[in-house]
Amino acid sequence: MGFLKNLIGSKKDGESAGGAVDQGLLIFDSVNDVIQAEATLKKAAFDDIKVVAPPPQYRMGCDLAIQFSIMERIGIVRVLEESRNEPRDIIYVSEELMQPTEICSVKDFGRYLMVRSANMKITVEKDTGKIVNISGGGCSDVPYLAVELIGKTLDAAASPRKIGYTLCAYTLEIAFNEARRMLA
Amino acid sequence: MKTILLAGTIPDQNLSLALGTASLCGTSLSIDGRSYPVNRGTAAMIGAVCATAGFFGDSPPECVVGGDIGTREGSREVYRHLIKHLPRISADTLCLHYIIPDIGLHNQVLTAVRKMHVKPVVIADAGFMYAAKASGQARFYDLFLPDIGELAFLADEKASHPAYTRGFLTRLEIEPKELIGKAYEFGMTGRCMCVKGRTDYICQDGVILEQIDDPVIEELEPIGGTGDTITGMTAGLVHHGYMPAHACALACRANRIAGLFARPTPATQIHEIIARIPEALSHVISGHEVAAAYQQEFFFEGVQQ
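Listed in order, the protein sequences are those of chains F and R. So in this note's numbering the end of the first sequence lands on 184, straight run, no missing numbers. So in this note's numbering the end of the second sequence lands on 489, straight run, no missing numbers.
If you are wondering where the hints come from, they were derived from the structure by calculation, not from laboratory data. One thing to keep in mind: the hints can contain errors.
If the Cβ cut is set under 7 Å, some of the chain F residues that face chain R in the computed set are [as the list claims (entries may be wrong)]:
| # | residue |
| --- | --- |
| 1 | S83 |
| 2 | A118 |
| 3 | C139 |
Using C-beta positions, here's what the derived DEER-type ranges look like [as the list claims (entries may be wrong)]:
| # | chain 1 | residue 1 | chain 2 | residue 2 | range |
| --- | --- | --- | --- | --- | --- |
| 4 | R | S466 | F | K50 | 49 to 55 Å |
| 5 | F | D22 | R | E402 | 44 to 50 Å |
| 6 | R | N291 | F | E95 | 20 to 26 Å |
| 7 | F | R78 | R | C209 | 36 to 42 Å |
| 8 | R | G241 | F | R84 | 40 to 46 Å |
| 9 | F | R111 | R | E362 | 33 to 39 Å |
| 10 | R | E359 | F | K50 | 41 to 47 Å |
| 11 | F | A39 | R | K268 | 27 to 33 Å |
| 12 | R | K342 | F | K126 | 34 to 40 Å |
| 13 | F | R111 | R | R323 | 22 to 28 Å |
Pairs of lysine-lysine residues, derived as PhoX-like cross-links and limited to a Cα-Cα distance of at most 25 Å, are as follows [as the list claims (entries may be wrong)]:
| # | chain 1 | residue 1 | chain 2 | residue 2 |
| --- | --- | --- | --- | --- |
| 14 | F | K162 | F | K152 |
| 15 | F | K162 | F | K130 |
| 16 | R | K303 | R | K361 |
| 17 | R | K361 | F | K107 |
| 18 | F | K107 | F | K130 |
| 19 | R | K342 | F | K50 |
By construction, the Cβ of each residue, glycine as well, lies at the ideal position given by its N, Cα and C atoms.
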């Protein structure tokens, strides 16, 4: 429970200088921790949580945070404690925060299909579902993800969010899932 | 002697930091007595610099490379090394590449660059470009090399990473000129910008100097590392003495020609393209007149020394 003392509590629960606040933000040390926390919370039926960009004062450059209804704070904190993935901070927000893009575009190369989401692209062989290329991105796990995924089929390959660590991995997963959906 | 310094990460969990001169041998890169596969990312960029330097007979690149699979340790080693040593390093060209974006450490690197005796031509791509843009200090750079998805990020003044790019994506292929204008208007790019895509856009000071769209090799787009080879060739050409925008134009052309020579499919791997760089450069440089827009005087006009 130690992290609860890090609550930014200058405002009363449910209020901010700008008026009513009903959203909290879980701040973690890494994107990977956020990805794990999101999976844990969704599994525990906290379906209304959203992954968002943290506010500027909490940004390092490759960051995710989890937005939640403060009505659910106690339950969310308990689940994260039990999974030993506690946030570094919990803050209250009233502003609209940016969400990662979910948009994909697709290019057909005949034998191959390329799916792009934001800066990440994955290319698969249509007949076999084999991943033949990964391109784009700029974080340091992209070459690692390419080594781990290329040559495997979409069904056999590990999910990019499971083995990656950054927003590029998070984005690649969107393209990965779209490729899976299209070739299912 | 002129020196080019390259910094980035490669996915080797057993590596902390590799320092030294790089050489390219077939499909492998050698730095500090160890070999690394040239697959994509910083390894492909360094491979392209080696091929370019070899073509001209220039000195091979010096490298600062961290082993990082995304856990940040290798990236931090690179940042810390640059912060500590850059003020005493003499380099004409500095190319900063794949890394976990960290705004605070990035800003310390820029402070170290400012302490260098002579400011090098500073080039950023990939994670370093993300950090540069997110820090609000993009204008310090001489050259950014985004692809079309990253251009949308540069053009979105609120986005801190390409993953957060708002509703520009569906307009990417239609309106890159509009996005280029926004990136310059908001001060979110370096002085020169090379937008890599089906059409390559060579820009300086908010002006599109040239569009390159021939030959179109559709199969290059899915191949991981084809943007990195443009960055590497550009850095090598700047090291040789070309102005940044001119270097970009030559590199974009050479990349297409190298792709043409390699007869690629979407499953081709980047080392097959890198192997064709010397003959592609020979082809491009012999047939390319120096346009007035790329003259040295144009680039240095107005530069704060």
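Q.
If you test the structure against every hint from before, which numbers come out violated?
A. 1, 7, 8, 10, 11, 13, 16
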